[in-house]
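Using the sequences and the hints, build the whole thing.
From first to last, the protein sequence lines stand for chains A and B. If you use my numbering, the first sequence closes out at 585, no skipped numbers anywhere. If you use my numbering, the second sequence closes out at 298, no skipped numbers anywhere.
By construction, these hints were calculated from the structure, which means they are not laboratory data. Note that the structure is a prediction, hence the values are computed from the model and not measured.
Dumping the calculated DSSO-like pairs for lysine-lysine here, alpha-carbon to alpha-carbon at most 30 Å:
hint : chain 1 : residue 1 : chain 2 : residue 2
1    : A       : Lys250    : B       : Lys49
2    : A       : Lys203    : B       : Lys49
3    : B       : Lys26     : A       : Lys321
4    : B       : Lys266    : B       : Lys249
5    : B       : Lys49     : A       : Lys251
6    : B       : Lys26     : A       : Lys285
7    : A       : Lys306    : A       : Lys321
8    : A       : Lys285    : B       : Lys28
9    : B       : Lys28     : A       : Lys528
10   : A       : Lys217    : B       : Lys28
11   : B       : Lys49     : A       : Lys285
12   : B       : Lys26     : A       : Lys217
13   : B       : Lys26     : A       : Lys250
14   : B       : Lys237    : A       : Lys66
15   : B       : Lys28     : A       : Lys476
16   : A       : Lys528    : A       : Lys576
17   : A       : Lys354    : A       : Lys306
18   : A       : Lys217    : B       : Lys146
19   : B       : Lys26     : A       : Lys476
20   : A       : Lys66     : B       : Lys266
21   : A       : Lys203    : A       : Lys66
22   : B       : Lys83     : A       : Lys263
23   : A       : Lys34     : B       : Lys249
24   : A       : Lys321    : B       : Lys28
25   : A       : Lys414    : A       : Lys528
26   : A       : Lys206    : B       : Lys49
27   : B       : Lys266    : A       : Lys69
28   : A       : Lys285    : A       : Lys298
29   : A       : Lys414    : A       : Lys430
30   : A       : Lys476    : B       : Lys146
To be clear about the criterion: a stretch of chain B counts as covered by chain A if any three or more of its residues have a C-beta under 8 Å from a C-beta of chain A, and this derived list gives those stretches:
hint : region
31   : 17 to 27
32   : 43 to 55
Virtual Cβ for every residue (Gly too), placed ideally from N, Cα, C.
One-letter residues, chain by chain:
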Amino acid sequence: MNYREQFNIVISGHVDHGKSTVIGRLLADTNSLPDGKLESIREYCKKNSKTFEYAFLLDALKEEQSQGITIDAARIHFKTAKRDYLILDAPGHIEFLRNMITGATRAEGTLIVIDINEGIKENSRRHGYLISMLGIRQVSVLINKMDLAGYSRDAYDKIVSEYQAFLKRIGIEPFSFIPVAALNGENIFRRSEKMPWYEGPTVVEQIDCFEPDRGKADKPFRFPVQDVYKFTGMNDDRRILAGMVAFGSIRQSEEVLFLPSNKKSRIRTIETFSDKPPECVSAGMSCGFTIDDPLYIKPGEMMLRVEEPSKPSASRRFKANLFWMGAFPMVKGKQYEIKIGTAYILINLTEILGIMDASDLESIGNKSEVDRYEVAECVLETNRPVAFDHTPLLDSTSRFVIIDNYQISGAGIILQSLEDENISLVKYLARRENRWDAGSVTKFERETRYGHRAKLVLLTGSANIEETGKFLERSLYDMKFFSFYIGMKSLSAGLDNDLDGSIENREESIRRLGEISRILTDAGLIAITCMREMDDYDAEKIRELNSPYELLTIKYGRSPFDKFPADLDLPEDTSPETAVEKILELMRKKDIVPEYFL
Amino acid sequence: MDRIDRLEAESIYILREAYREFKNKNLCMLWSVGKDSTVLLWLARKAFFGHVPFPMVHIDTHFKIPEMIAYRDRLAREWKLDMIYGENSDALAKKMTYPEGAIDRLTCCKYLKSEALRHTLAGDWIRYRMNHATGNYEPDMNKDPYQGVIVGVRADEEGSRSKERYFSPRTDNNEWNIGEQPPELWHYYNTSFPPGCHIRIHPILDWTELDIWEYIARENVPFIPLYLDQGEGKRYRSLGCWPCTKPIESSARNIGEIIEELKSGKLKNVAERSGREQDKADGGSLETLRREGYM
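Encoded structure:
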C-alpha cells in the first residue's frame, strides 16, 4: 500500500503576531477542515458577540477561548496536493514556552510569524534561538499583517534585514521570507495581487519544498539500549536488547561494542515480532537484538559497531549548552536527574562558563545559578560514565534533558567531552579528610589494643548474604574481635527515613552508608554490611568514601559485578558456614585479623 | 520507512518507555475493545516480542454492544492476556443510568465510565480478573492502585485530546491541568511524579483514524465486524454503549472500503464521533468529562 507522506511543522512567533490565523487559513484554504467545523466556530462567535477569528478554530477548549490564547502545542492536520502535514501550534506567551518547545522538538520545519507593525519582539528572538538549539534547520519567516502596513515593500525589507542579522548570529539561514496577510489568505495558499514586488514562494509552496530528514540511515550506527527483556512466559528464553536505532544500520553477525562498559559481542538475531525478521535494521526502527555472549548489559548503554571510526565519548564530565525552564533556578551542588540517550543518571552542575538571555543573546555575566529561560554554557558531571556524541551530525545522541521537581526542567546539547575523572567526589573527599577532626587515640593505638585492623566488609550477590553477614559478625566477635553488622533495613528505617527509594536518593543513601563506615572504621571496628542491588560504580564509590580504611568486597552467588572484581567470589551453592570460613581466611591473608588469636 | 512504519516505531518506543519506568509501579493498559485500543494492544505485543507484560483493564458499563464483550474475552484467552474489568456496581444496582431513565446521558457517562474508571484504577472498588484455567472472572486480590495507565487516545479525535502529552500526570482525583503541563522533548518523557499522582501514557496520540485502519489492514489485526456494513447500509464508526452510539450510513463491507470512504469518500470531512450522542449535549461536554478523568 502506498501511504501518504506526513511532514511535521511548528508555527512559532510572538503572541498576537498571527500564528493561529496562519494555521486557520492553511486549514481553510487547503480544504482540510471537517464539514461544519468552520460554521460551528462562526456560530459560537456570533452567540458570544465576538468577531470571528481563525484562532478560535484551534482554540478547541473553553478555557482557551476565554483567554484568547493557545495554551498547548495542539496538533492539527491538513493536506496539500503533495502530502499530509501535522502542525504543532506553538503558543506565543512566554508562560507557555515549554509548550512551544514540546511542539518544536517534533517538527522538521518551522514557520516563524512576525507582525510587520509590531516588528521583532522578545519571543520572535527567543523562539528563533530555541529553534536553532532544538536543531530545526528548515526555517521560513512570514512577515504578517502586510495589509495593515499598506503592503509596503520598504517596511517589509527593513524587518527582513534586521531579523536576518539576528538569525545569522544563531546559525540559522532561513529558506525564505514571505510577506503575508494571513487573515485575507494572501500569499498563504493564494498568491497576493497586492504585492507584485514579491516573487518568492507562497507559504504552501514553501512548506512543500521542505525535506524530511532521510539521511539518518547513512550515519554511523548508534543503538541506545532502551531496555533488556527476559520474558519467561510461553517458554521464551530469549534475552533481548530493545530500543530504537538512532542512526545508521546494522546486520546480523556484525561485531558490536557497548559503551561505557566496553563489552564486545556479536549480533545473533534481530527481533521484531513479525513473520520474517529483517536481516538489517536502520535508523528510526524500534527493534530488538540478541547477542552471542551472555553479557550483563544495562539499559542506557550505547551499542555501536566495533569497527566504527567515529565512536561516541564515554565520560563523566562534559561541556554543554543548556536552556533552563524550571520553576526554580538550576544551582550548583544539587543533584539532578538527567536523561542522555537512554541513560537515566544523576548529574551535578559544577561550573557555569557563561549565561545569556535567549531573547536578546545578551550576556548576563557572572552568576552562580541558571534562572528560568536563560541559556548557559556549563560543565556537568554525572555520577557514572555515560556514552554520548557531541556533534550536530548525530544530534539525537548529543542531546539531554534535566529533571527537577518531577519535571523536565532543562534541555541541552553536549558540546565537548571533558577529562574523565570523578572530580566532585575527589574534591569532596579531599575537603572531608582535610577537615576531619580526629580524636586523641591513633589508628595504631586502636589496632594494638583491638588486635585487628579496621575494615568495611561488603557482601553482595544473590545468596543469603544477610544471614551470612550476621554470622560473620558473630564469628569475629566470638574470636574477641570488634565487629559490627550494619543492617541496611535499619538505615532506611532511621537514618534514611527522609529518603524514598528513588534513583536520586539512592546515591544519597550510598553516600551516607559510606560516611557511616568511615566513622565505624575510624573507631577501629570491622563493619559488615550487605547490598543486594549494587554494581561496580556503587562499590567504587563506597570504597572511596570509606578511605583511608577501604573495603573488602565479597560476591556470594550471582551478581552484576563485572568490571570491578570482588575480592572474594563465592558460588551460589556455598554454605553460609563455608562462606564465613573463606571470608575469615581472606581476612587473615590480607592481615586484617591475625593468623592466630589468643 | 513509510508513515505507518514510523508511527509504529514511535508508539513501540513509548510503550517500552512506559514499561521501563513503570513495571515496578503497577502499570496497566486500558482496553475499550474498540479499534484504537486494540491496535494499541497489537503494538504492545510487537513491543514486547509476543508478550503483554501488564494487565489489560476494561471498564464494563454493562450497556456495551454485546459483541464487544465476547470479542474481548476471545482475544484475552487467545493471547493469554492478564484481563481485568471494573464497573460501577452501585449505580448499576440502583439503576442510576440513562437507559433506565434515571439520569441524563452525561451523568450516566460520569457514573458508569469516569467514576468506575477512577475507582478501578485506584483499587478501592472491586476488580475482576480472568482466571485462564476456568475462563471465568474472579474478584482480583490485588488492590494496589495503578500508577501508570496506558491509554489509546488519538490527538485527532477532538479538541481536548490534541493537547495531550505522551506522558501526562493526573492527580489522584484524575484531574488534568492542561495549562500547567511539563514540556516533553525529543524522546524524553516525564516519567517521575510526586506522590498522589499517576501517569497516563498515550502511545498512539499521533495516529489518525485513517492510520488506524491502514494499520489494521496491513497487520491483519482482528477487529469487531460491527465496524462493517452487514448488509443494511449501516455500520459503526466508533463503538460504545448501545443506547448512545448509533451506526452511520455506510455500505463499507471490508477494510479497503472503509479506508476509501475515509480518504476520499463521504466520511472525509465528517467528525469521527458524530455517532456519539454525549458529545453533542453541550459545547464542551467531552472536555468537561475528560477533566474529570474520562478517556
